[in-house]
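*Asks:* Sequence:
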Amino acid sequence: MAKYLLVSFKTCPWVQRAAIVLREKNIAFEFRHIEPDNRPDWFLAISPHKKVPVIRIDDATSLFESNAIAEYLDETIEPRLHPADPVQRAVNRAWTDYLPTFASQVTGFAYAEDEKSYHESIAKIPEAFGRLEKALETQKAGPFFNGARYSLVDAAYAPFLQRYIYLDRIRPIGHIAAFPRVKAWADALIARASTHSFPPAEFESMYRDAVRKRGKWLSQFVEVAQAAE
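One rule links them: number in the numbering used here = place in the sequence shown (from 1) + 78.
The set of hints was computed from the structure by calculation and includes no laboratory data. Heads up, some of the hints might be wrong.
Claimed, not checked - As a list, the in silico SDA-like pairs of lysine to any residue whose alpha-carbon atoms are at most 20 Å apart:
1. K294 with K218
2. K294 with K128
3. K128 with E191
4. K88 with R110
5. K291 with F142
6. K218 with A266
7. K128 with N116
8. K103 with W295
9. K81 with R101
10. K202 with K218
11. K294 with A266
12. K212 with R259
13. K81 with E156
14. K88 with G252
15. K103 with I243
16. K103 with P161
17. K194 with V300
18. K202 with R247
19. K194 with K212
20. K103 with K128
21. K88 with L141
22. K202 with E156
23. K291 with I243
24. K291 with E191
25. K81 with T139
As the structure is a prediction and not an experimental result, all values here were calculated from the model.
Can you make the complete structure from the sequences, with help from the hints?
*Replies:* The structure is reproduced here in structure tokens:
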């Protein structure tokens, strides 16, 4: 069995995506957290882009970029999370390619510098949710993107749907309620054990603290050390 080291910032959603895939495949791995403002020399030596995630395999090979890591793990370790049907597999890959746009539209408001840009940013959320709502029409029995079977699409979107819900608790937005399929999907992903690298309340507290420390417009609404029950 190969030895895996996954390097992370504690609240990085892209690393969380890779960790979810590892847990879905029941792969033992070492999870090592570093500080964004103090990246050690050993990390800089193994991470070509000097970013997380990076996964080290057998102390010999470094893989980077969350999508590449997820695809590698799915190609080399059972059970496969990609659909067997090539058309459905291509559709799933297309939706994982949409993830950066989705993440920016759904959670980007947390980085708004002022109230005006905050409201301009949250106005983009319904478009992103609407596209996923339409895509989820084909899921039939649910609760995941392809229905009953968990996939790499679920692993990719889970961290960002989780963060939207956490941000909505800081200052209520409410958009997700208008998209029942997306809401049910988010609920199913958050209820799944593989989504969580930390106990949920502990992680939400860490995430809220990270939002507060950014010093953006939304930061003023974060209550110190408060997390949902």
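*Asks:* Could you run down the list of hints and mark each one as holding or not?
*Replies:* Status of each hint after checking the structure:
1. K294 with K218: 40 Å, violated
2. K294 with K128: Given pair K294, K128 is violated - Cα atoms ~25 Å apart, limit 20 Å.
3. K128 with E191: Distance ~26 Å between K128 and E191 Cα, so the pair is violated.
4. K88 with R110: Cα-Cα ~9 Å, so holds.
5. K291 with F142: 27 Å, violated
6. K218 with A266: 15 Å, holds
7. K128 with N116: Distance of about 12 Å is within 20 Å: holds.
8. K103 with W295: Measuring from Cα to Cα gives roughly 39 Å; hence the hint is violated.
9. K81 with R101: Cα-Cα ~14 Å, so holds.
10. K202 with K218: 27 Å, violated
11. K294 with A266: 30 Å, violated
12. K212 with R259: Distance ~9 Å between K212 and R259 Cα, so the pair holds.
13. K81 with E156: Given that 20 Å is the threshold and the Cα spacing comes to 16 Å, the pair holds.
14. K88 with G252: 27 Å, violated
15. K103 with I243: 26 Å, violated
16. K103 with P161: With a Cα-Cα distance of about 15 Å, the restraint between K103 and P161 holds, given a limit of 20 Å.
17. K194 with V300: With Cα atoms ~19 Å apart, K194 and V300 stay inside 20 Å; holds.
18. K202 with R247: Roughly 18 Å separates the two Cα atoms, so the pair holds.
19. K194 with K212: Not satisfied, since the Cα-Cα distance of roughly 29 Å exceeds 20 Å.
20. K103 with K128: Given that 20 Å is the threshold and the Cα spacing comes to 27 Å, the pair is violated.
21. K88 with L141: Given that 20 Å is the threshold and the Cα spacing comes to 19 Å, the pair holds.
22. K202 with E156: 38 Å, violated
23. K291 with I243: Satisfied, since the Cα-Cα distance of roughly 19 Å is no more than 20 Å.
24. K291 with E191: 13 Å, holds
25. K81 with T139: 11 Å, holds
Consistency note: the structure conflicts with the earlier hints numbered 1, 2, 3, 5, 8, 10, 11, 14, 15, 19, 20, 22.
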